[in-house]
Amino acid sequence: MSAGPKFPQVEYAESSGALRRCYDDMQSVLRVPWVMFAARSLAVFGGFVPAAWQAAAPVFGTDRLERAADDLRALAVLPVADPPDPRPRLAELGFDEAGIGEVRRALDALNYGNVKYLLLITAWCEGIQGRSSGGTTPDRPAPATLPAGPPESMAALHLVDPRDADERVRRLLTRVTDLHLHHGPSSDFRVLAGWPDFLEVALDDVLGPVVRSAPYETTALALLERARSHVRRFPASAGLSPEQALAVCTETEVAAITGLLFLFQRFILDVTIDMVRCTQALDGRDAAASSPFSAR
2 MSAGPKFPQV EYAESSGALR RCYDDMQSVL RVPWVMFAAR SLAVFGGFVP AAWQAAAPVF
62 GTDRLERAAD DLRALAVLPV ADPPDPRPRL AELGFDEAGI GEVRRALDAL NYGNVKYLLL
122 ITAWCEGIQG RSSGGTTPDR PAPATLPAGP PESMAALHLV DPRDADERVR RLLTRVTDLH
182 LHHGPSSDFR VLAGWPDFLE VALDDVLGPV VRSAPYETTA LALLERARSH VRRFPASAGL
242 SPEQALAVCT ETEVAAITGL LFLFQRFILD VTIDMVRCTQ ALDGRDAAAS SPFSAR
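In this text, residue positions in the sequence shown follow this note's numbering: the first is 2, and each later residue adds one.
In short, the hints are calculated from the structure, not lab data.
Hints may be right or wrong, so weigh each one.
[Stated by the list, open to error] Label pairs and their computed distance ranges (CB to CB):
#1 Asp165 / Ala143: 26 to 34 angstroms
#2 Ser230 / Pro152: 25 to 33 angstroms
#3 Asp86 / Phe263: 34 to 42 angstroms
#4 Ala237 / His159: 33 to 41 angstroms
#5 Leu264 / Asp284: 26 to 34 angstroms
#6 Arg90 / Gly131: 46 to 54 angstroms
#7 Gln130 / Arg286: 50 to 58 angstroms
#8 Asp167 / Glu12: 15 to 23 angstroms
#9 Leu222 / Pro293: 22 to 30 angstroms
#10 Ala237 / Asp167: 15 to 23 angstroms
#11 Ser291 / Glu98: 34 to 42 angstroms
#12 Glu103 / Asp162: 17 to 25 angstroms
#13 Pro85 / Lys7: 43 to 51 angstroms
By construction, the Cβ of each residue, glycine as well, lies at the ideal position given by its N, Cα and C atoms.
Generate the whole structure from the sequences, applying the supplied hints.
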């Protein structure tokens, strides 16, 4: 079992000063209602997250980034049979349509933001390893800037703290981490833990049969390659080079950051696929491949 201490991170509520301003700006520019697990974990290393976000922000608040995110979201639908509809089992558990509506709204927010965070982690991972995180392609027309802040209709998200959860929720989050061979529950699963009946059915019927399967692994690799391709075409560098990272962190910290980014790169691929598949179970393949919040 993977139950253990909470993975070191700076939660939003624990942040202050430059880091809080960074967290707020990240959510505003990306138009999402949460800060990704990777950023919260990397925030334990001094100035890295504010500096890395300062590099990325001009690239990420644009329509060009939005189209790249749309492309990745569509690619995250697994090339296998549709998952079973969870509603019959949920009805047996007394989980009503109002609850399903709440889950759907949470999934809509998560699916909108996950692919943006996939691009951000990829840019930071490429940069810290000395590869291109943008700025190397010929000039193209300047992208349009998107309105800042999450759309008004986007649900606010509550991340359940595993330390405060009841035994059932802790067991479910342990199942999540063990199923994926992850180091802790993602923000997304901490959100879904607010509806433990849905999370249990999703693990049993929607995700359990496909996670780490051959199609799942193939899709994760395809997502990574597509994300790297998009990052290389960014109009400017969106990640810190090793030298830039050393200007705000020690050598030991840069080594740890490099390892964490490599870890989170796989982590965000899994989570992106998972949440898309949960939406597919509720609303079908077409709904899973798109987002009602995508700016046109």
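Worksheet item: Which of the numbered hints are not met once you compare them with the structure shown?
Response: Those not satisfied are hints 1, 7, 10, 11, 13.
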